[in-house]
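Colleague: Starting from the known structure of chain A, arrange chain B on it as the hints suggest.
There are 2 protein chains.
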Amino acid sequence: MPANEEQSCGGQFRDVRQRGFYDRASVEQATAWIDARGGTLAAEVVTVADAVGRVLASPVQAKADLPLFDCVTADGYALRSGETIGTGDYNPLLLAIQDADSPLLPTSAALVAAGMPLPGGADAVLPFEALRAGGSSLEVCRAVAQGVGVERKGQQLSAGTTILDNARIVHQRHLGLLLASGIEHLKVVRRPRVRLVIAGPKLGVKHHGPDVDGPMLSALIARDGGLVESVVNRAERREVICRAVNAPGADIILVVGRTGTGADDQAPLAIAEIGELAIHGVALRPAGSTGLGLVAGVPVVLIPGEPLACFCCYELFAGRLVRRMGARAPEFPHAVREAEVRRKIVSVVGLVDLCQVRFVDGGVEPIGSAESGGLAAAVRADGFVVIPAPLEGIAPGARINVHVY
Amino acid sequence: MPANEEQSCGGQFRDVRQRGFYDRASVEQATAWIDARGGTLAAEVVTVADAVGRVLASPVQAKADLPLFDCVTADGYALRSGETIGTGDYNPLLLAIQDADSPLLPTSAALVAAGMPLPGGADAVLPFEALRAGGSSLEVCRAVAQGVGVERKGQQLSAGTTILDNARIVHQRHLGLLLASGIEHLKVVRRPRVRLVIAGPKLGVKHHGPDVDGPMLSALIARDGGLVESVVNRAERREVICRAVNAPGADIILVVGRTGTGADDQAPLAIAEIGELAIHGVALRPAGSTGLGLVAGVPVVLIPGEPLACFCCYELFAGRLVRRMGARAPEFPHAVREAEVRRKIVSVVGLVDLCQVRFVDGGVEPIGSAESGGLAAAVRADGFVVIPAPLEGIAPGARINVHVY
Chain A
228 MPANEEQSCG
238 GQFRDVRQRG
248 FYDRASVEQA
258 TAWIDARGGT
268 LAAEVVTVAD
278 AVGRVLASPV
288 QAKADLPLFD
298 CVTADGYALR
308 SGETIGTGDY
318 NPLLLAIQDA
328 DSPLLPTSAA
338 LVAAGMPLPG
348 GADAVLPFEA
358 LRAGGSSLEV
368 CRAVAQGVGV
378 ERKGQQLSAG
388 TTILDNARIV
398 HQRHLGLLLA
408 SGIEHLKVVR
418 RPRVRLVIAG
428 PKLGVKHHGP
438 DVDGPMLSAL
448 IARDGGLVES
458 VVNRAERREV
468 ICRAVNAPGA
478 DIILVVGRTG
488 TGADDQAPLA
498 IAEIGELAIH
508 GVALRPAGST
518 GLGLVAGVPV
528 VLIPGEPLAC
538 FCCYELFAGR
548 LVRRMGARAP
558 EFPHAVREAE
568 VRRKIVSVVG
578 LVDLCQVRFV
588 DGGVEPIGSA
598 ESGGLAAAVR
608 ADGFVVIPAP
618 LEGIAPGARI
628 NVHVY
Chain B
228 MPANEEQSCG
238 GQFRDVRQRG
248 FYDRASVEQA
258 TAWIDARGGT
268 LAAEVVTVAD
278 AVGRVLASPV
288 QAKADLPLFD
298 CVTADGYALR
308 SGETIGTGDY
318 NPLLLAIQDA
328 DSPLLPTSAA
338 LVAAGMPLPG
348 GADAVLPFEA
358 LRAGGSSLEV
368 CRAVAQGVGV
378 ERKGQQLSAG
388 TTILDNARIV
398 HQRHLGLLLA
408 SGIEHLKVVR
418 RPRVRLVIAG
428 PKLGVKHHGP
438 DVDGPMLSAL
448 IARDGGLVES
458 VVNRAERREV
468 ICRAVNAPGA
478 DIILVVGRTG
488 TGADDQAPLA
498 IAEIGELAIH
508 GVALRPAGST
518 GLGLVAGVPV
528 VLIPGEPLAC
538 FCCYELFAGR
548 LVRRMGARAP
558 EFPHAVREAE
568 VRRKIVSVVG
578 LVDLCQVRFV
588 DGGVEPIGSA
598 ESGGLAAAVR
608 ADGFVVIPAP
618 LEGIAPGARI
628 NVHVY
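So the protein sequences, as listed, match chains A and B. First residue of the first sequence: 228, per my numbering; consecutive thereafter. First residue of the second sequence: 228, per my numbering; consecutive thereafter.
Just chain A, same shape as in the assembly (with noise of 0.2 angstroms):
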């Protein structure tokens, strides 16, 4: 048997390296630890423009009415709505046209335009289509309802109401009207700082290259909220890892690659020299090496290198730990839609299966196994399925949810 390195680890540290996992961390286990290393971070304050998609780290309430006086809402002749009663085509009204900025006399219209102050008196606007204007008077041929192209001080929001609740993601359609009732600055959550340490492909292997994976988690990590602090390129050695693991300013830190129990992977090994390797292998396909540990506080996911299997560990571990960081939802990011399985999707008592399906006329059916085609079966995919550990695979005509791509 070949020698192993222990003597730089912990207690606990067991090194897989030519010897293969003997007891791998369930997928629930492998969870729990993230979520109860996955705070929510500070919040920051941004602009209201800069706030789109970012999280509300307090609720918003309106700093002024709006609208912030008695307004017009329509262009035409503000006028007393009370004074056009059994007006018709037969039995026109006369008013006299004056000022819009002093209050209405009796009979009296004031020519008007859409955001005005509302002419003291006046409780209607009528549009220009419904009367005729001649000179220095106006010929009213229709009764008008009270409050007609009029908004009042406040109707659509006074202020100190919550305009949106703490922890909602600020929509484009926001915009406007938090701009509108006064406010210009928002409190969010701070985005997650991930570091990437690219651990590389195994020594002199060009089968996928560190630009493979990176350029896919930066692209995952953006989705989810989070922001790339800084990419460690070719960290194939262990110090060369311990080092871009140990440099402060990172909320996250993603090392990929070099995971398994090949002689050069060295992932493992680095953090449990430095910090505290907690879960090293989980009963999953793909993805059985993924290793959870914290260094110096702060959380470290050993992820995969082969790229569907970091992919599926991004989306399980690491992107549930961003998007929790955030105060997003922890769950994946994909709709899920319940199918009837039309072919069986095999997988492996013990082990949760992530497996790649496609819709086919309403049903689904797998793509490949969860051990065989690659990513390319996930691009292929429309979505995926977890079978649960205990199955040995779903038969035709079951219902499942597929997390939809």
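These aren't lab readings, by the way, just hints derived from the structure by calculation. Quick caveat: nothing in here was measured; it's all calculated off a predicted structure. Check each hint, because a few of them may be wrong.
[Stated by the list, open to error] Not the full set, but computed from the structure, chain B residues with beta-carbon under 7 angstroms of chain A:
1) P319
2) P354
3) V377
4) K380
5) Q383
6) L402
7) A446
8) V467
9) P534
10) L602
[What the hints assert, rightly or not] The calculated label-pair distances, taken between Cβ atoms and stated as ranges, are:
11) B:A616 - A:G589: 29 to 37 angstroms
12) A:D326 - B:N628: 42 to 50 angstroms
13) B:V631 - A:E558: 51 to 59 angstroms
14) B:N628 - A:K290: 48 to 56 angstroms
15) B:V272 - A:A562: 27 to 35 angstroms
16) A:S385 - B:A556: 47 to 55 angstroms
17) A:G589 - B:T388: 25 to 33 angstroms
18) B:K571 - A:V576: 40 to 48 angstroms
19) B:H561 - A:Y632: 34 to 42 angstroms
20) B:D250 - A:V273: 54 to 62 angstroms
21) A:P560 - B:F586: 15 to 23 angstroms
22) B:N460 - A:E255: 53 to 61 angstroms
[Stated by the list, open to error] Only pairs whose alpha carbons sit at most 20 angstroms apart, straight line, appear in this in silico SDA-like list of lysine to any residue:
23) A:K571 - A:D588
24) A:K571 - A:F559
25) A:K414 - A:N393
26) B:K571 - B:I594
27) A:K571 - A:G524
28) B:K290 - B:V272
29) A:K380 - B:G595
30) B:K290 - A:R607
31) B:K380 - B:G348
32) A:K414 - A:L268
33) B:K380 - B:G347
34) A:K571 - A:L618
35) A:K380 - B:S599
36) A:K290 - A:T274
37) B:K380 - A:R607
38) A:K380 - A:D328
39) B:K290 - B:E411
40) B:K380 - A:S599
By construction, the Cβ of each residue, glycine as well, lies at the ideal position given by its N, Cα and C atoms.
Modeller: Chain B alone, transformed into the frame defined by chain A:
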């Protein structure tokens, strides 16, 4: 009747200021105008890492086989599966350990790691968990099936295979496969460059400033894959609007505010003066003063300044143009969910109503009418419904499609 300035405008143009809209286009006519002008833009080349969220301008084929060679996918010992037939705990197989660089000799095995080329002659890899290694020989205690732990050249993907079809939106999970199959650059549809010309609120009115609609529209344009080319603020006078619209460099121009029937609603006159104002006034609530025109071949949308009208006009018309030019699905970019109406949704015969609604007990109810509540209603809403022009409303119990925010 006040004098109207028609002298500077084309024959078709009708000045609605202080007269009103007597003749509005239907939503269908306005949509058809948009669709006839929203041709897909040309392609540009970007790196794979920058392509997430972009629309492909041509199909993408794998440049190389994936994997590039017969490849090991597990850490362990490569061997001939045929030699393990009949092997068990009471009938172990002894294999000599040899180098992985030379072809496998009979009854031999070679130490390999995932990602390495498969040694010649080997057809399976046994993980460390399934064997006992000692010095120069290996004890195999179980049979292994052919192909386990092995991926054949081109098994995931062969060179020339289409990975992604034309017009697909590039997803985070596509990046790994694209890079692994030798692709570094992609041809994507150019982002529509959108100019915002903020014609501003009515003169002297502070109800909603230039900074209310602008940031909201910028965020919506980004959501739809457009680029804000420039923002021209305080374009209040007709000459300023004309100059801002006439400048080259934009694929789409949105003039925001001053679209109505008030004396200083100069935006329609500006477009009629320097181009063609095809439509002004749409049978729609809100956003009835929407305008559509062409200046030097560039489509111009006149967007009402009132924030809810601005939002609805963008979603229906301006956004459709952005989405079309960028080769995205032109429809509303919201999920659609059918729901039962719980409380009557009031509408006006002859106008399409966009009503803000919220979900209650699995059904749906209106928040204000299409004309009341402003953007505050849209912020409280879970989505909106579109009531066709011929209907005077939707009765309780009817089922309706909700566009979910």
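Colleague: For each hint, tell me whether it holds in the structure or not.
Modeller: Hints versus structure:
no. : hint                                : result
1   : P319                                : violated (16 angstroms)
2   : P354                                : holds (6 angstroms)
3   : V377                                : violated (11 angstroms)
4   : K380                                : violated (11 angstroms)
5   : Q383                                : holds (4 angstroms)
6   : L402                                : holds (4 angstroms)
7   : A446                                : holds (4 angstroms)
8   : V467                                : violated (19 angstroms)
9   : P534                                : holds (4 angstroms)
10  : L602                                : holds (4 angstroms)
11  : B:A616 - A:G589: 29 to 37 angstroms : holds (34 angstroms)
12  : A:D326 - B:N628: 42 to 50 angstroms : holds (48 angstroms)
13  : B:V631 - A:E558: 51 to 59 angstroms : violated (18 angstroms)
14  : B:N628 - A:K290: 48 to 56 angstroms : violated (36 angstroms)
15  : B:V272 - A:A562: 27 to 35 angstroms : holds (32 angstroms)
16  : A:S385 - B:A556: 47 to 55 angstroms : violated (39 angstroms)
17  : A:G589 - B:T388: 25 to 33 angstroms : holds (27 angstroms)
18  : B:K571 - A:V576: 40 to 48 angstroms : violated (56 angstroms)
19  : B:H561 - A:Y632: 34 to 42 angstroms : violated (18 angstroms)
20  : B:D250 - A:V273: 54 to 62 angstroms : violated (46 angstroms)
21  : A:P560 - B:F586: 15 to 23 angstroms : holds (21 angstroms)
22  : B:N460 - A:E255: 53 to 61 angstroms : holds (55 angstroms)
23  : A:K571 - A:D588                     : holds (15 angstroms)
24  : A:K571 - A:F559                     : violated (24 angstroms)
25  : A:K414 - A:N393                     : holds (10 angstroms)
26  : B:K571 - B:I594                     : holds (11 angstroms)
27  : A:K571 - A:G524                     : violated (44 angstroms)
28  : B:K290 - B:V272                     : holds (17 angstroms)
29  : A:K380 - B:G595                     : holds (17 angstroms)
30  : B:K290 - A:R607                     : holds (17 angstroms)
31  : B:K380 - B:G348                     : holds (15 angstroms)
32  : A:K414 - A:L268                     : holds (12 angstroms)
33  : B:K380 - B:G347                     : holds (13 angstroms)
34  : A:K571 - A:L618                     : holds (12 angstroms)
35  : A:K380 - B:S599                     : holds (13 angstroms)
36  : A:K290 - A:T274                     : holds (15 angstroms)
37  : B:K380 - A:R607                     : holds (19 angstroms)
38  : A:K380 - A:D328                     : holds (18 angstroms)
39  : B:K290 - B:E411                     : holds (10 angstroms)
40  : B:K380 - A:S599                     : holds (13 angstroms)
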